[in-house]
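Q: Protein sequence lines, in the order shown, are assigned to chains A and B. Just so you know, we're using the numbering used here here: the first sequence kicks off at 8 and counts up by one. Just so you know, we're using the numbering used here here: the second sequence kicks off at 6 and counts up by one.
What the hints contain is simulated information worked out from the structure, not anything from laboratory work. A virtual CB, placed ideally from N, CA and C, is assigned to each residue, including glycine. Treat the hints with care, since some could be wrong.
[Claimed, not checked] From chain A, some residues computed to sit far from chain B (all C-beta separations above 10 angstroms):
#1 SER40
#2 THR76
#3 THR91
#4 LYS209
#5 HIS249
#6 LYS291
#7 GLY292
#8 ALA332
[What the hints assert, rightly or not] Here are the in silico distance ranges between beta carbons for each label pair:
#9 SER194/A - GLU94/B: 25 to 33 angstroms
#10 MET211/A - LYS255/B: 38 to 46 angstroms
#11 ILE262/B - GLU43/A: 26 to 34 angstroms
#12 GLU95/A - ILE93/B: 27 to 35 angstroms
#13 SER299/B - PHE330/A: 53 to 61 angstroms
#14 ILE250/A - PRO61/B: 37 to 45 angstroms
#15 SER299/B - LYS228/A: 17 to 25 angstroms
#16 ASP388/A - ASP89/B: 27 to 35 angstroms
#17 GLU120/B - TYR222/A: 34 to 42 angstroms
#18 GLU43/A - ILE93/B: 27 to 35 angstroms
#19 GLU120/B - GLU375/A: 55 to 63 angstroms
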Amino acid sequence: MRMVMTGNYASAYGAKLARAEVIAAYPITPQTSIVEKLAEFVSTGELKAKFIPVESEHSAMAACIAAQTAGARTYTATSSHGLTLMHEVLIWASGARLPIVMTNVSRAMAPPWSVWVDHMDSVAQRDTGWLQFYCQSNQEVLDTIIMAYKICESGGVMLPAMIIEDAFILSHTSEPVDVPEQEVVDSFLPAYSPELKIEVGKAMGFGSLVKPDQYMEFRYKAMLGMKEAHDRILRVEQEFKHIFAREHGGLLERYRCEDAEAVLVAAGSVAATAKDVVDALRDKGMKVGLARMRTFRPFPQEEIRAIASKVDGMAVLDRSYTFGAAGAMFTEVKASAYSGQKRPIVKNYIAGLGGRDITPKILERIFEDILVFTKRGEESDVEWVDVAGLPRKWR
Amino acid sequence: MAKTTIPEEEFAFPGSTGCPGCGANLVMRYLLKGLGERTIVSIPACCWAVMPGYWPSNCLKVPILYTAFEATGAAISGLRAALDVKGIEDVTVVGFAGDGGTVDIGLQAMSGAAERRTDAIYVMYDNEAYMNTGIQRSGSTPWGAWTTTTPVGNTHDYKHESKKDIMTIMQAHRIPYAATVSPAFPEDFIKKVEKAKKIKGFRFLHALSPCPPGWRTNPKLTIEVARLAVDTRIFPLYEMEQGRVHITRKGKGLPIIDYLKVQGRFQHLTEPEISSMQKAVDDSWIMLLLKESSGT
Chain A
8 MRMVMTGNYA SAYGAKLARA EVIAAYPITP QTSIVEKLAE FVSTGELKAK FIPVESEHSA
68 MAACIAAQTA GARTYTATSS HGLTLMHEVL IWASGARLPI VMTNVSRAMA PPWSVWVDHM
128 DSVAQRDTGW LQFYCQSNQE VLDTIIMAYK ICESGGVMLP AMIIEDAFIL SHTSEPVDVP
188 EQEVVDSFLP AYSPELKIEV GKAMGFGSLV KPDQYMEFRY KAMLGMKEAH DRILRVEQEF
248 KHIFAREHGG LLERYRCEDA EAVLVAAGSV AATAKDVVDA LRDKGMKVGL ARMRTFRPFP
308 QEEIRAIASK VDGMAVLDRS YTFGAAGAMF TEVKASAYSG QKRPIVKNYI AGLGGRDITP
368 KILERIFEDI LVFTKRGEES DVEWVDVAGL PRKWR
Chain B
6 MAKTTIPEEE FAFPGSTGCP GCGANLVMRY LLKGLGERTI VSIPACCWAV MPGYWPSNCL
66 KVPILYTAFE ATGAAISGLR AALDVKGIED VTVVGFAGDG GTVDIGLQAM SGAAERRTDA
126 IYVMYDNEAY MNTGIQRSGS TPWGAWTTTT PVGNTHDYKH ESKKDIMTIM QAHRIPYAAT
186 VSPAFPEDFI KKVEKAKKIK GFRFLHALSP CPPGWRTNPK LTIEVARLAV DTRIFPLYEM
246 EQGRVHITRK GKGLPIIDYL KVQGRFQHLT EPEISSMQKA VDDSWIMLLL KESSGT
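Next comes chain A alone, as it looks inside the complex (with noise of 0.2 angstroms):
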């Protein structure tokens, strides 16, 4: 059924189209109307859940963590300090291999207080061992939460998985979205039902203690889990494709990259507008295109090194900074890019903390930048893009 609707509602929409069993959440903004829509949805009878009306963020994941451990399907939402406030459970869930998929609406972190997107709050969890999805449209956000499930459940990825959604671009801005029928995701995405699961009867401990020397063994296991993550999510999207008619580009989405000389990698909402800027520049003779990560765990290496191999110049824009080095995306990228042959320009800007909007404009004159960067250099390879303060070309 197409209905028009917001990003958090099409969050709402997957987590009970995928049947969460249980959902633990803890309010806040914007990620509210996700939770009040799945309340809602779980007092009308029409969502089969046990929801948990917690005091903080962190009980949030603590509780998922219990629940799935005995092995309901759980789903739970955050944002920014929510989000941050989880960080020690977040290791705890991939630790205990749970795959629990949560909803990140993406919102710059304090002080000063903000309540716009900025992706400061995800990256920093980059090394917790979630999948992260950014999403760039709000079917992709409802979609993503159904194929999430099922990539993260298998055997061989047991790993739990965020969903993100960039802070009132996606979250309060509505849509047309296809709602998939619930007999047609219940014969794409089955029950939940884990091979290890805490009963009584079974006196086991989930969680114990481990000596040096059998730790690195559990680590180990969750690298493969993520490592075989990367050909789950390209197989699960292939039989999304199949019954739904519809896809988003896997790992890393390729927009007009073929024959470009400079390629843009983004993540989030405002690949759409650079999609537009990329037609409007091709228009104008320039060799441009985009490349969208989707997801930044696990980080799309291959298909990065794939581009790079091609193009003269990448363009990584990050919508947050790592304080003493770089944006963390740009960081990844130009590792991965630099592990080929080919070695191509790759520069840092960063842009659109805290809310501020990254025009057509914007885009223009990154895309004009890294195409004279490449042919000239520059001192800087990691730019801020309108600041107050900053040279003329950057305002």
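Model the placement of chain B on the given structure of chain A, informed by the hints.
A: Chain B alone, transformed into the frame defined by chain A:
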């Protein structure tokens, strides 16, 4: 000889890595005797997070879900929700946390679980400091005690703050059942566990858990120390059903010096200090009697 009321079946086996004379070992043992095998226990960071043994060993006959230090209240909420959604009603969900994991870092999650009337039993085994990390003071360390972070020294820098009154905190949550239990009185202990098991909603057990290394006591005196805590009324045995106090053992009313003198952690206290401590214990006891007689 009178027949004991303590169930013979064991659910806690040898292999626990607890210290000699560990009170917490007995607390777990009596708890599980009262609850039986259809129990799932969630344990945060605390002595009992390591006592069941290295993976894949488990000295308990029940499954354990380990959880983060501050998360016991949330973990038992999640476990109960999953069991409910699967239609499993006959399993008792237990949170088993130390005093630091309850009155300090875990207070928020525990309070949340209590407020949500989570159908679970929360046990705080109280060894009155962060013992697993090596005897650092907690909010549950009693006034006057030496710990490694209240080291007395030359400035008489023992713990100058009172122990958090967790039972009154629980009473304020209006939970259906809360009780204090002691390994020195196993019949009373198990009776309360069995009573708690039959009640629905959030139930709380406060178990005094003598710790020979932390209290500086002789391991063979663990039961003696636990008994003295009751007989000096430092740790009265009582229960609260729907908030109504009922004292289950009045104790002998011995002077607290009898309890203090067998513990190294109180040896620095002067006579006036012990007198003021005695007064505080007497006042608390009178308050408890008043609560019982007034029906609150």
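Q: For a quick check of understanding: which of the numbered hints are violated here, in increasing order?
A: 2, 4, 11, 15 and 16
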